[in-house]
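Q: As you go down the protein sequences, you meet chains U and D in turn. Using my numbering, read the first sequence as starting at 1 and increasing by one per residue. Using my numbering, read the second sequence as starting at 205 and increasing by one per residue.
Simulated from the structure, these hints should not be mistaken for lab results. Any given hint might turn out to be false.
[As the list claims (entries may be wrong)] List of simulated lysine to aspartate or glutamate pairs, EDC-like, C-alpha gap at most 16 Å:
{"#": "1", "chain 1": "D", "residue 1": "496", "chain 2": "D", "residue 2": "367"}
{"#": "2", "chain 1": "D", "residue 1": "496", "chain 2": "D", "residue 2": "226"}
{"#": "3", "chain 1": "U", "residue 1": "189", "chain 2": "D", "residue 2": "519"}
{"#": "4", "chain 1": "D", "residue 1": "399", "chain 2": "D", "residue 2": "367"}
{"#": "5", "chain 1": "D", "residue 1": "496", "chain 2": "D", "residue 2": "260"}
{"#": "6", "chain 1": "U", "residue 1": "80", "chain 2": "U", "residue 2": "47"}
{"#": "7", "chain 1": "U", "residue 1": "45", "chain 2": "U", "residue 2": "138"}
{"#": "8", "chain 1": "U", "residue 1": "2", "chain 2": "D", "residue 2": "367"}
{"#": "9", "chain 1": "D", "residue 1": "321", "chain 2": "U", "residue 2": "47"}
[Claimed, not checked] So these bits of chain D aren't anywhere near chain U, every CB distance computed over 10 Å:
{"#": "10", "residue": "269"}
{"#": "11", "residue": "346"}
{"#": "12", "residue": "488"}
{"#": "13", "residue": "589"}
A quick note: this is a predicted structure, and the numbers were derived from the prediction, not measured. By construction, the Cβ of each residue, glycine as well, lies at the ideal position given by its N, Cα and C atoms.
This is what each chain is made of:
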Amino acid sequence: MKFPYTDIVLEHFRHPRNVGKIENPDGKSTEGSPACGDMVSVYIKVDPKTNTIADAKFESYGCASNIATGSIITELAKGKTLDEAKNITWKQASEALGGLPKIKAHCSVLAVEGLRSAIQNYEERHGLVKEKKPTTVEVVRQRLRKVINPLTGLSVVRTNLVQDIKVKDGVVRVLVDLPRDHQFAHTIKDEMVFGSAYPTCQPR
Amino acid sequence: MADRLIYLDNAAATRLDERVLEVMRPYFFDTYAVATSEFGYSQGIEAREALDKAREALANTLGAAPEEFIFTSGSTESSNIALKGVALALGKKKGKHIIVSKIEDFPVLHSAQALEKQGFQVTYLDLDEEGFVDLAQLRGSITNETILVSIQHANQEIGTIQDIETIGSICREKKVLFHTDATHTFTRVPLDMKKIAMDLVTVSAHTIHGPKGIGGLCIRQGTQIAKWMDGGFQEFNLRAGLENIPGAVGFARAVKLVTPKETKRLQEMRDHLINRMLAEIPHSTLNGHRWKRLPQNANITFHFVEGESITLHLDMRGFAVSTGSACFSRSLEASHVITGIGGDHERAHGSIRFTFGRYNTVEDVDAVVQALAEIVEELRSISPLGKKEEKEEA
C-alpha cells in the first residue's frame, strides 16, 4: 500500500503520544485555522524551579498531519525550558516527522503555534510578560510569517507575496500580490485576515 | 493491513467491467483505423460502422437521434463544450447572461467563471439545505439577455436529484437553452430528451464501469452551439480530434450492462448504510435529501472529527471513500457543495461520501459501518470538541 505520508507521520497518526487534557494546567491554548477548519488544544505543566515543561498534552480536531504534529511537538517540548520550547519551529517538527507534504503545512503549523500560545498563556498568568508591544509594521510582519503559501511551503513574507504593510490609526493594511483565481487565494486570504490578526483566533 | 480493497468511491472512478474490455480489444489490435479514414480503406469503414453503432445505442438511451450525440473525452469536456459553445454562438447575438447553481461540479462552475472573465454575467443560484435549487429564484433570474441555464441532474457529492423536468419547462417557456450535467445519473436514473425539455446533456463512461477518457454530449437538434476545439471535421464538425473508437464501443457496452435490477441493489446498499450509520454512530447527519438522491450515493457528516483523518484510517483498513474536508482538497477549501447548501465549515470537515458500484456487496457495507464506528470513536477521544455534548446525552 502507498500513503501520502512518511512512516513516522503514520506511526504518530495511528498512535499519537500525549493525547488528552491536563487537569489544572499551568498553561493552555486552542488554535484554529479558519482556512482549513482544523483545531488543536495544547496543555502544559511547568516546573517553576527550572522553568521547564514538565508535561505537555494535546487534543486535535484535525487531519493526519495535524494529529502527528501535535504528537511530535509535545514530545519535543517535554523537558525543555520555556524559551527553548517557544523556539521550536514548524520545520523542526516536520523534520522530526521525516517531512510533511508542503500542502499540509498550514494544518500542522497549528500545533506548533498551539505550544507557543500555551507557553504565552503561562507567562501571562504568571506575570512573566514584560509589557504589551504596540502593533508596528514589524509586529505585523512577524505575525504574517506564520501564514504559509501551500504551493511552496514557505511563509508569504519570505516568498514576497506580501508587498507592503502599513499601520495607521489602528488600521493595518497589507498589500498582497495574489491573483484572485490563484489556487490558494481563498486559503491564504483567510489565514492572513483571521489567523494572524488575532493570535488566539477561535474557529467559527 | 487489509488484504482486499473495498472500493466505495465509485463516483470518482469505477473498475472496468471485463465484458467492456472484451468488446474494446479488437479496436486496439485489429480494427485500429479511425472513422475519418472511411474513404481511404476498408478498416476505416469498419471503424465508422462501430462508431455509428455506439453512437446510436447511446443516443437511444437518452431518447435522442444519433445526430444529436457527440463523443468527447469525458464529462469535463462535455460541459466545457456546452457552456463555452453556447456562449460563443449566442454571446454576441442574444446576450451574455448565464445561470448555474452554486453546487455544480467544477467543469460547469469553472467554465462559468472563465466566461465571467470574458465579459459574461453569471447568476449562481442558491440551494436549500437539502441541495435543491430555488425554482422561484431561477424563474426570476432569467432575463432577455439569458442564453443558458446549466443545472446538474444530481449532485456529485450529496447526491440530491434536481427536478429537471420543471427546470426544463421553465427554460423552454422562457426560450432559454438548458444544459444538465448527468454524469452521475446516466443509466441509473431515467433521463429522456423526449420527455424532458433539455437541450444539452453531459454523460460519461467512467461512472458506470466503462473506460476512462470517453464521454458524450447530447445536443438537441437545432441548438445553437459553436465549435471551439478546432481541427478536423469529426463529430458533426463540433468537436475535432481522432475518434476514440475503442472508448466509444466500450461506452456503449457499459451502458447496456447497467440494469434496473442492479441499480435497485445499489439503492438497497445505500439505504442499509444510511440506516445503520445514523442509528449506530452518534452525532452523524445525512447530507442531501433522504430519498430524492442518487441510488448509489450516501454522504454523512460525523461531527467533531475531521474527514481526512477518517479516510486515512479507512485506507489503512482497506476501504476507499472520499471527504468534503478542506484538508483533503487540492485547493484546501471545504466542499463548495456542503457550504453551498448552507452547511458550515464544521459540516464539511467531517463529511464522508460513499458511492457504490457493481462490485460492492452488502457485506462491504456492514464492514465499513463497523470500521467507521471504531475510527470515529477513536478520533473523538482525541478531539477537543464534542465531549460535553456526549456527556449530556449519556
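Q: Give a verdict on every hint.
A: Do the hints match the structure? See the list:
1. Of the pairs offered as hints, the one joining residue 496 of chain D and residue 367 of chain D holds, with about 9 Å between alpha carbons and a cut-off of 16 Å not exceeded.
2. Taking the CA atoms of residue 496 of chain D and residue 226 of chain D, the gap is near 35 Å; set against the 16 Å cutoff, the hint is violated.
3. A threshold of 16 Å between alpha carbons decides the hint, and for residue 189 of chain U with residue 519 of chain D the separation of about 32 Å lies outside it, so the pair is violated.
4. Annotation: proposed proximity of residue 399 of chain D to residue 367 of chain D holds, straight-line Cα distance about 13 Å (limit 16 Å).
5. Simply put, residue 496 of chain D and residue 260 of chain D have alpha-carbon atoms about 30 Å apart, too far for the 16 Å limit, and the pair is violated.
6. For the given pair, residue 80 of chain U sits about 10 Å from residue 47 of chain U by alpha-carbon distance, which is consistent with the 16 Å threshold.
7. Annotation: proposed proximity of residue 45 of chain U to residue 138 of chain U is violated, straight-line Cα distance about 31 Å (limit 16 Å).
8. With a CA separation close to 42 Å, the supplied pair residue 2 of chain U and residue 367 of chain D exceeds the 16 Å bound.
9. Under the criterion of a C-alpha separation no larger than 16 Å, the hint pairing residue 321 of chain D with residue 47 of chain U is inconsistent with the structure, at around 60 Å.
10. Look at residue 269 of chain D: its CB is around 39 Å from the nearest CB on chain U, clear of 10 Å, so calling it non-interface holds up.
11. At roughly 27 Å from the closest C-beta of chain U, the C-beta of residue 346 of chain D stays outside 10 Å, upholding its exclusion from the interface.
12. Separation of residue 488 of chain D from chain U is adequate, the least Cβ-Cβ distance of about 16 Å exceeding the 10 Å criterion.
13. Remark: the non-interface label on residue 589 of chain D conflicts with the geometry, its nearest Cβ contact in chain U lying 5 Å away (cut-off 10 Å).
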